[in-house]
Amino acid sequence: MTLSRDAAAALGFLAFSIAYGWQATGIDIFPGQEYEPFTPQTFPLALSVIGAVLGLAQVAKSLRAPVTEAKSWAGYDWPRVGLLLVTMVFYGASFTWLGFLVSTMLFLAAGYLILGERRVVVVGSASILVTVGFWAIMTKILGIYLAPGELFRGWLW
Amino acid sequence: MWEGITTGLLTAFTPMNLMMVVVGCFAGTFIGMLPGLGPISAIALMIPITYGFDPASGMILMAGVYYGAIFGGSTSSILINAPGVAGTVATAFDGYPMAQQGHAGKALAIAAVSSFSGGTIGAILLLVAAPALAKVALSFQSSDYMALMVLGLTAVSAFTAPGQVLKALIATVIGLMISTVGTDPSAGVQRFTFGSLDLVDGVSFLLLAMATFALSEALMAVLKRDEVSEAAARATAGDLGSMRVTREEVREIIPVIGRSSILGFFVGVLPGAGATIASFLAYGAERTFASAKEKLKFGKGSIRGLAAPETANNAACTGSFVPLLTLGIPGSGTTAVMLGALISYGVQPGPRLFQNNPDVFWAVIISMYLGNVILLILNLPLIPYIARLLALPRQILIPLILFFSLIGVYLVSFNTFDIHMMAGFALAAIILRLLDFPMAPLILGFILGDMIEDNLRRALTISDGSIAFMWERPLTAVIFGLTILTLLAPLVRIIRQRRGAMLSGEGG
Chain G
22 MTLSRDAAAA LGFLAFSIAY GWQATGIDIF PGQEYEPFTP QTFPLALSVI
72 GAVLGLAQVA KSLRAPVTEA KSWAGYDWPR VGLLLVTMVF YGASFTWLGF
122 LVSTMLFLAA GYLILGERRV VVVGSASILV TVGFWAIMTK ILGIYLAPGE
172 LFRGWLW
Chain F
142 MWEGITTGLL TAFTPMNLMM VVVGCFAGTF IGMLPGLGPI SAIALMIPIT
192 YGFDPASGMI LMAGVYYGAI FGGSTSSILI NAPGVAGTVA TAFDGYPMAQ
242 QGHAGKALAI AAVSSFSGGT IGAILLLVAA PALAKVALSF QSSDYMALMV
292 LGLTAVSAFT APGQVLKALI ATVIGLMIST VGTDPSAGVQ RFTFGSLDLV
342 DGVSFLLLAM ATFALSEALM AVLKRDEVSE AAARATAGDL GSMRVTREEV
392 REIIPVIGRS SILGFFVGVL PGAGATIASF LAYGAERTFA SAKEKLKFGK
442 GSIRGLAAPE TANNAACTGS FVPLLTLGIP GSGTTAVMLG ALISYGVQPG
492 PRLFQNNPDV FWAVIISMYL GNVILLILNL PLIPYIARLL ALPRQILIPL
542 ILFFSLIGVY LVSFNTFDIH MMAGFALAAI ILRLLDFPMA PLILGFILGD
592 MIEDNLRRAL TISDGSIAFM WERPLTAVIF GLTILTLLAP LVRIIRQRRG
642 AMLSGEGG
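So the sequences go chain by chain: G and F. Here our numbering is used: the first residue of the first sequence is 22, the next is one more, and so on. Here our numbering is used: the first residue of the second sequence is 142, the next is one more, and so on.
Think of the hints as simulated: they come from the structure by calculation, not from any bench. For glycine and all other residues, C-beta sits at the position ideal for the given N, C-alpha and C. Honestly, I wouldn't trust all of these hints.
[Claimed, not checked] With a straight-line Cα cutoff of 20 angstroms, these simulated EDC-like cross-link-like pairs (lysine to aspartate or glutamate) come out:
{"id": "1", "chain 1": "F", "residue 1": "438", "chain 2": "F", "residue 2": "389"}
{"id": "2", "chain 1": "F", "residue 1": "365", "chain 2": "G", "residue 2": "138"}
{"id": "3", "chain 1": "F", "residue 1": "276", "chain 2": "F", "residue 2": "500"}
{"id": "4", "chain 1": "F", "residue 1": "365", "chain 2": "G", "residue 2": "98"}
[Unchecked claim] Label pairs and their in silico Cβ distance ranges:
{"id": "5", "chain 1": "F", "residue 1": "144", "chain 2": "G", "residue 2": "140", "range": "58 to 66 angstroms"}
{"id": "6", "chain 1": "F", "residue 1": "324", "chain 2": "G", "residue 2": "55", "range": "14 to 22 angstroms"}
{"id": "7", "chain 1": "G", "residue 1": "44", "chain 2": "F", "residue 2": "282", "range": "42 to 50 angstroms"}
The shape of chain G in the complex, shown without the other chains (with noise of 0.2 angstroms):
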């Protein structure tokens, strides 16, 4: 038997509910609190039930739903969005070292070319004009500290 997309969704939201729920019975509470009449684990715990409840009505009827032909998903653009995404982890984890300008800059110009930005003028102007500009609007108009990044720490002191 196939599973459709809605069962299978069921399912992980269902695992998730229990997993949350196992984890909720960890939490910490300290001594003579389980007495009382709500603890830091109620709330969750209540949560997780109510979670896999739900899942499995979701479960139930996704089952007795008839099978129709799901939309396929592998039209969808999806190298570019996963390398837009692994572009932002890398924007996150360049920030502390390359600082706002330089990764920003990275940032924005890895952007307009996996959008399939090629003429370099373009690509380079864009990202150079908003980043100094927002850089500016940021530390000179608004006082608000933009950290120059560690690699560049050394030389700028």
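Put chain F on the given structure of chain G with help from the hints.
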């Protein structure tokens, strides 16, 4: 009340706040016109900017953005049949045919006048309803609040697309679960932090709102190879036609505006209903009221069919501020994001907002009216130029949206872990969206999670651990009763449909 209105006028009419309304309306119109980006994203993108402002100015800017985004959504509905917002889907029914017949300018003018009138009548009703409800709400207890929040959550889920109620409820529970990450507010113990210091403060609402709306909506446009901006560029490159509305046409839409604004406002006040339902109900009601001859025009460019949903969605936007300002309970995804923003300014919305921060309360109400005026007199003539901004190529626009979303969250926390977390939440949101899970209940569940837990704790402590408070206090019992009815409504609909199908099967 007059004293309050004066306070509101004095606050709203400062040069800084007037500028906020203008900037908010423009920014909102532009973002609302972008394919896929709705008012929630527009407001979320503004929050980091408003952190440096006082709460009244911040809220005024966001109210302007909200109206602007709805208006921008109407514009893209009319010009390119691509509603940027669910609340303006019904606008496209008659607005787009009008644009195709060469009356885009007239359609935009009718939409703007209807939005203005709906918003104005809504603001007047809000002026009367909000203080009255705030007074009543002062007698509410923890159990009533908890019941109201549960009602809000179930209503938002029950009113989503038919057949998706379970999915919406699951999304709500996911939001509630995310809200439990971090330090427990009463005992101070850590929950679901897995030893990570970055999670000790929990997940910030701005991060979640940006990741699940602005980021995921922009990425969905890439995923689906959305090329709407090019269609917008083509549509606005041509002539929009005259924006003049004749006297007969004005006479025809006045009663429509009257009916639709009252209907829209009251639907907006209801938790969970909001602009989308209001606009569809108003459209349906007008078609029912119309003469047989007029009925034929619906869907082919009827001005009544355009005016009704436009009026109702703006009145509903105003109405949705009633539960937010008086009870501190958001009735929609958009007002949920505003609630999160208010809390982060240090303002607690609820019945006491009216007493403790009258400047915020009244300035927001007054600025809503101002926002409508600005949309009518400033935005409308500028629409062709704002729409041309959409011609900015997608490959430039989307990285900019991603950048502003990421940097907006980073500038609040200065923690790069947040950027990683946003990428993770954005991916999860994309998958949930592809599986038809709505995102508004998730963000609403997340924002209400802490408050529900807090009120449940108090209610249980007061009643000594017994859950009898649910039926012993009449007000709580009535609200819980309504919650159950809301949950049963979709079930009744399904049973009726099945019975209808069975009967027609037997008949055939």
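Hints versus structure:
For the given pair, residue 438(F) sits about 16 angstroms from residue 389(F) by alpha-carbon distance, which is consistent with the 20 angstroms threshold. At roughly 18 angstroms between alpha-carbon atoms, residue 365(F) and residue 138(G) fall within 20 angstroms of each other, so this suggested pair holds. The hinted pair formed by residue 276(F) and residue 500(F) meets the criterion: a straight-line CA distance of about 17 angstroms does not exceed 20 angstroms. Pair hint residue 365(F) plus residue 98(G) holds up; C-alpha atoms about 7 angstroms apart against a cutoff of 20 angstroms.
Taking the beta carbon of each, residue 144(F) and residue 140(G) are about 60 angstroms apart, inside 58 to 66 angstroms as hinted. In this structure the supplied range 14 to 22 angstroms holds for residue 324(F) paired with residue 55(G), their Cβ-Cβ distance being about 20 angstroms. The hinted window of 42 to 50 angstroms between residue 44(G) and residue 282(F) is violated, with their beta carbons roughly 32 angstroms apart.
Going down the numbered hints, you'll see the structure goes against just number 7.
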